[in-house]
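Between the sequences and the hints, there should be enough to build the whole structure, so can you do that?
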Amino acid sequence: MSGMSGISVENLTKRFKDETVLDGVSFDVPKGGTLVLFGSSGAGKTVLLRCIAGAIEPEGGIVRIDGQDLHDVAPEKRGIGMAFQNFALFPHMSAFENIAAPLRARRTRKAELKAGVEGVAKLLKIDHVLGHAPKALSNGQKQRTALARALAAEPGVLLLDDPLRNVDAKLRFEMRLELPRLLAGRGATVIYVTQDYKEAMALGDRIAVLDGGKIVQMGTPEDIYRRPASMGIARLFGDPTINLLDVVPENGGGGIIARLSDHAVPLSPGLEAAVGRNCVLGIRPEAMAFSDDGDGVPVTIEAETPLNEKTVTLAKTMRGRELLVSRPAGTPAPVSGAAHVVIDASDVILFDRTTGARIAPDLADAEAAA
Amino acid sequence: MEHTSPLERWLRGIALTVIVLFFMFPIFWIVLMSLQTNETILRSPPSMVFMPTLQNYQAIIAGRLDSNVASMSIEFMGNLFNSIILSVGSVALALVLGVPAAYAFARHKFRGSEDIAFTLLSFRFAPPLLVLLPLTMYFQQLGLADTYIGLIWVYQLICLPLILWIVRGYFEDIPVDVEHAYRIAGHSWLSTFRKIALPLAGPGIAAAGLLAFIFAWNNFIFALVLASADKQPVTVGALAFVTASGIQYGQIAAAVVMSIAPTLALALYAQRYLVEGLSLGAVKG
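So the sequences go chain by chain: A and B.
For the first sequence, the numbering used here begins at 1 and goes up steadily by one.
For the second sequence, the numbering used here begins at 1001 and goes up steadily by one.
Since the hints were derived computationally from the structure, they do not count as laboratory data.
Any given hint could turn out to be false.
Distance ranges between label pairs, derived from CB positions [to be verified]:
no., chain 1, residue 1, chain 2, residue 2, range
1, B, Ser1122, A, Gly24, 40 to 46 Å
2, B, Trp1010, A, Pro91, 38 to 44 Å
3, A, Ala74, B, Met1024, 53 to 59 Å
Predicted model, so just to flag it, every value in this text is computed and none were measured.
For every residue, glycine included, the Cβ atom is placed at its ideal position computed from N, Cα and C.
If you want it as structure tokens, here you go:
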């Protein structure tokens, strides 16, 4: 069962009664690659994973592993390792037996089985609790046992359904650091489901954003953060969330500008088509900074709060619109009263107000103009 | 529930005592009766003071019923044996048939599955008299009348729906992911059923089996109509004590004690499962 497998999903559709949970989902994961499926709860991530694992049957579409259509392949014959969000440990078996289950199914010899279980347990630092029943394990140990069970038989395909969801923040942080190393060492093709954007950005070569049963954007973490396909996606990635301000771009001073409190923010070239349209300007909190020389958008400062390694300031523009500005903790900034913020023009994102879609700069036009 | 005032605890104690007395008194009284002769039982006013005697039990075990006018033989030990065969046999059959069926109803929603499950449950609503006449006629033609197999078959009307519905609830309470995890790990559905579903539903299966046993043991009407003397269980056999020369209260009491002893012992032994099993089916956590 070792060796590498690529996963390809084509036009996968799943309905529960009248509700369409998956609506024509297609993607490929190359052998040994990692795809993160990202989306809020109810987006269809878990259902998608189950269709691949064979736990539920899709209404339409094809799932292939290594080019083989899995339609008539029973779940136990797919050679998949899967970790469940709620762990799904076998409550009447010890941690050892839980991890050994995939090896037993493959009729591994006794000595090899013991070595296999102990090896993967050591890797996940649970070798001292192998004799415990699941209910005697802490949440973190349960989660590691579930992961160990998924890894035990060295499957070519690993499906991880939000495995860090039900563990505490400290452990989640540790595992976020540990997991990429763990997965890379195995050469397996991985699909990782999460609703934590930091996890998504830390683990995936590529991220597929799932919403309402459809993949709304697929790309590298950088792609999705800097060029989100829609306002919705922009809001999901980033903490504190992106500032979204209604603007109507206009021609001014040698380029396209958006006005914020009578201050002109230059927009990137190639956005001529947006002039005069109702738009939304997306500004990441870290794309703004306070300026000392009175240049920039005038704001009044309302409050300040620390957030991890950042300090976040809530400011209000003259029209009363709220702005979140973040800066590395410890850097000086005005604490109250009037101030000015400057905006990094290369980092702003323009959305159409009615459709919510990003308005991409037309680079051909921009080059022609230049 | 830890914070109860003394008054509350006191009232609760009284309530529990009243309930226990109410339900235990008949059993207590029948045990007393079984240790007396007919004369002491029937004296007026009744008294709790008497010389205990085991002659009722001796008569029943020996199979000889001696009254002051005549002596007749009865087959009570045979009845007890019949009861055991019929109850054990029908519970075993109901488990073999009902547990896989319950699993199917719990896990696979196929067309008409709810209707079939409900139809099976409705066997419990129908008055037995409704089916007795046609059954008697069929059984005589098929040669099943007055056989253990025929009776065990009919007893499925009692045991099968009970086991099916209780065990189904238990199977439904097992998180489906646990079963998926076992299959994805590489095991067939059959070994998933044996290694995951069966052990996890174990307490429920035990409780359902026990209840079915008690219901089967207590059944009267099917056995009365469909079984002749040598296949009759204790419930029907007890009628033999109503004789032309009077009712042998002492011996009836001894017979009753002997016939409730097995179910009582079973119920006491497994009462934890029983309560757990029944309440788990009703309230799903």
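Structure-based check of each hint:
Between Ser1122(B) and Gly24(A) the beta carbons are some 44 Å apart, a value that agrees with the proposed interval 40 to 46 Å. Checking the proposed 38 to 44 Å range against Trp1010(B) and Pro91(A) shows it holds: the Cβ atoms sit about 41 Å from each other. Ala74(A) and Met1024(B) have their C-beta atoms about 55 Å apart, which keeps the hinted 53 to 59 Å range intact.
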